[in-house]
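Q: Sequence:
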Amino acid sequence: MTSPSLSRDKLHTEEAVELHLVHQLVTRQGWQERPPSAYDRSSALDPEMVEDYVRTTQPDAWKRLSDQYVGKARETLVQQLVKQLQAVGTLEVLRNGIKIIPGIKISLCGFRPASGLNADLVRAYEGNRLTVMRQVRYSTRNENAIDVVLFINGLPIITMELKNTATGSTYLTAEKQYRKDRAPNGEPLLTFKRGALLHLAVDQDNVSMTTQLENGRTRFLPFNRGRDGGAGNPDVSDEFRIAFLYRDIDGAEAALSRDVLLDILNRFALVSEVEQPGGRLKRTTVWPRYHQLDAVRRIVKHARRLGAGHNYLLQHSAGSGKSNTIAWTAYQLALLHDDNERPVFDSVIVVVDRKVLDQQLQGTIRSFVTTPGYFRPIDETSAQLRTAIQSGARIIATTIHKFSTDHVNVLKNEAGKRFAIIIDEAHSSQSGKHADNLGRVLAESVLADEDLDDNERALLELQRMRGPQANLSYLAFTATPKNVTLERFGVRGSDGLPRPFHLYSMRQAIEEGFILDVLRNYQTYKTYFALERAIEDDPQLSPRKSNRKVARYVDFHETAMEQKAEVIVEHFRRHALPELNGQAKAMVVTASREHAVRTHRAITRYIRQEGYDDLKALVAFSGEIVVDGANLTEPGINGFGETELPGRFDSDDYNVVVVAEKYQTGFDQPKLVAMYVDRHLSGIQAVQTLSRLNRTFPGKERTYVLDFRNEVEDIKEAFRPYFNTTAMEEVSDPHQVYALLARMQEMHILDQGEIDRFVSRFLQAQQRADERPVLEGIVRETVERFRTVLTEEQQEEFRQLLASFLRFYAFISQVVALEDSDLEKMYLFGSWLKRLLPSREAPQGGDVTDDMLELQAFRLKEGDVVDASLEATEAKPLSPIDRFGANPFTEEERRTLSEIIKAFNDRHATNFTEDDYIRFEAVNEAIIDDEAWAEMLRNNPPEVVRPRFGEEFMRRAILAFQRDRQMQSAFLQDREGREMIMGLMFGRAVRGARRIA
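Each residue of the sequence shown is one higher than the one before, starting from 15 at the first, in the working numbering.
By construction, these hints were calculated from the structure, which means they are not laboratory data. Computed from a predicted structure; not experimentally measured. Among the hints, erroneous ones may be present.
Dumping the calculated DSS-like pairs for lysine-lysine here, alpha-carbon to alpha-carbon at most 27 Å [what the hints assert, rightly or not]:
| no. | residue 1 | residue 2 |
| --- | --- | --- |
| 1 | K97 | K207 |
| 2 | K77 | K113 |
| 3 | K194 | K714 |
Estimated spans, in silico, between C-beta atoms of each pair [claimed, not checked]:
| no. | residue 1 | residue 2 | range |
| --- | --- | --- | --- |
| 4 | G230 | A128 | 41 to 49 Å |
| 5 | R588 | G406 | 55 to 63 Å |
| 6 | S80 | A52 | 17 to 25 Å |
| 7 | T27 | I115 | 44 to 52 Å |
| 8 | P50 | Q100 | 20 to 28 Å |
| 9 | A52 | T27 | 24 to 32 Å |
| 10 | R757 | G713 | 57 to 65 Å |
| 11 | A128 | T710 | 35 to 43 Å |
| 12 | Y668 | G265 | 48 to 56 Å |
All C-beta atoms, glycine included, are put in the ideal place defined by N, C-alpha and C.
When you get a sec, could you build the whole thing from the sequences and use the hints?
A: Listed below in structure tokens is the structure:
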């Protein structure tokens, strides 16, 4: 079919765009163009196509209908169809058909069956009539015409208003036309549920969509592929950018192709019911956004072709509609059959990193599943999970906490079964033992090397179950993948580096308006204070703990608390509270549970003192804490149970919540407009915490961040890796596991004979209580050498090496097949050894009180309000796992270190190298690994910590270099050089402490 002719002077018009789109649908995707006169305005149907589909695909039903209603078969069919459309809606009619007396079952659409074994279902699918009309005059009251309407078997599915950028109109003009000139009242084609399911506003470059016309309140969402990591659509050679609607591009079928559109109607589109305040249900039709549709279909296509045993990392930003994407993926994988008509997976297991299963996710899955036992949410005991797998449930939803318990380990030999495991927020679920246990639970057990003894076979089996599994496919969803997540689940590119299988970036979500840019209105406060000793004699306190308590005292001192409370309350009332017609909420992020309690007290006290009746604060923390001699809990302070807090906070009764390590992730409250940060944040923790603000809400156009602790550039640095595609500089070298093992062996406290004896006994143990002391006795022989052979500094080094080995082995064994039983032996033995090693001596010291210290001055200095938004090109790759127990050196730190080395060598005629000075890093690591020091470095301003850090670093450095007189002499004699190295190490210590928070 040749392209429709158009005069030269009309090539730049809207008509040309319309003709091209329809022509492409007809020639490329098999649509049939129908004249607009075939449209019946009163029924909003193409009656001829309705009859044609029923007559040709269901001849028996049509004959019964014709015999029963002689001469009125089509009229009766249309009348009854209209009644059902009005009663249950278009989507329900397409999926379930209608019945006409006497019991004549009529199907209105044939969907592709999960397998091709049922020939009747295949014929019904192939018999669908996809038709398109131009310039449809739809109203019985006026002559308004919609540019394009798409029908399936005579039922309208999609309306389209097309605009032409060459004449100054865009898709935004089309949106305005829908809002102003396409009133749905009294128009069956435009009525929610009863008429077309989707309305598209289109120009040559962009597409937006809505499923419900509500006049001026109609909300459109982008339906675009994304362009260079942001909003929009990429260029297409010799085509409009919207060609993805009607052309197959880059391995993806056209969005309006037969297969894709019918797939959406069958397995994506759904009617969602959300309870509103007052108990009213709001119904909306959910249609997948383009990235959701693309992600699910690409996964399904890949799994159908390659089967189980593959990993998929989906980096989908907050605001991406992740719960629905996961539910759609689970449902479609559960139905998936390969080319031989065999199910690809026996069960699909959805694992969320929350203690309470996502209700939206459950609801979406249930909306598609009607067969009893097909879907099993595990919301009680692990025994439920065991029963669900053994009974053959096709979709199982559970939490990472239940999946990793000992009760489930009996399932690790589900021989012959294949599983798809979908993990929500994979960065927190998959970096350690949870992932290890999860994989071992479901792995097949097939080792048949006859040359191996029982112990060797058992060791290799344990190791193999940690690694990639031919019967397991992992699908990991996260907005903020760590380096371990990328390496564990990413797809290797041509350069060998791992990348996400599918991307919907933070930048695209911001540009498309699905989330807000929380860095756009970011403000810092600088904390300054001075301490004056109130007594002449210093208290006899150890430097380490005293200093931590001094900093804590300043932070919790009533003067500081009261001033911060005033700033928070007044800022919120002045800037944020007027937003959302007074419904705006705020979150105050604190460093600890005690900090949260005292901050909540100060805010409540200030609100009461000022007589404000428009503010009321809640506090959120876990467990019980003693403050000023009183045992306190969250329910006790708030006056209601923990589970009630999200609902209470959503009401008009409360508008501020003070949190400590709670609700900083996984908490969706779209009315949050302001955040007050009173703790150090870095890395993923910074991104996740501030992202609580980014959810959209009607009327929410901006957010406010007031930060008492962090610098703007540090926060921007945290966001950079996740703004566009998260990438890596290079992959982790698996051989490092051998380097770690060798370094431990060099310390001469590990005995291979003891390790072999322990492992042999461990593998043969039958979970008898009397085995425990025997196993511990073997390990304690190593512990005794640890205590007597190693110095204090060597003990510290061994602890770090052992911890690094265990962490890295647990990770790398999930990525590559190691096939080395000696490593598995060391892992089993080391896991017990780590628990039995003597702990470091706890730092001692008394409390710092008003009698010892006097708060001379405390003031808050307001910083400039800045736009910290990232530029489109800003990105930062993640580093591989290549240093253990330490931070990698930044370029600036390496330059500084080189200058220090040169200065030392020039002054002392020495030949120190970078390797010599890297030994100072071990001193730094020991300080960071001390929990008391790490807390102090994280939670206090540098000017408070720096003096005591210098004393502690000096003490440890002298011990570390007691056998290296040349280095010790240079370090002690050269004050300027010493201050330089300690300044460098202090900066790295602060960064390292925040990184491991």
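Q: Against each hint, give a clear statement of whether it holds in the structure.
A: Right, here's what the structure says about each hint:
| no. | hint | in the structure |
| --- | --- | --- |
| 1 | K97 x K207 | holds (13 Å) |
| 2 | K77 x K113 | holds (15 Å) |
| 3 | K194 x K714 | holds (23 Å) |
| 4 | G230 x A128: 41 to 49 Å | holds (43 Å) |
| 5 | R588 x G406: 55 to 63 Å | holds (60 Å) |
| 6 | S80 x A52: 17 to 25 Å | holds (21 Å) |
| 7 | T27 x I115: 44 to 52 Å | holds (51 Å) |
| 8 | P50 x Q100: 20 to 28 Å | holds (24 Å) |
| 9 | A52 x T27: 24 to 32 Å | holds (25 Å) |
| 10 | R757 x G713: 57 to 65 Å | holds (59 Å) |
| 11 | A128 x T710: 35 to 43 Å | holds (36 Å) |
| 12 | Y668 x G265: 48 to 56 Å | holds (50 Å) |
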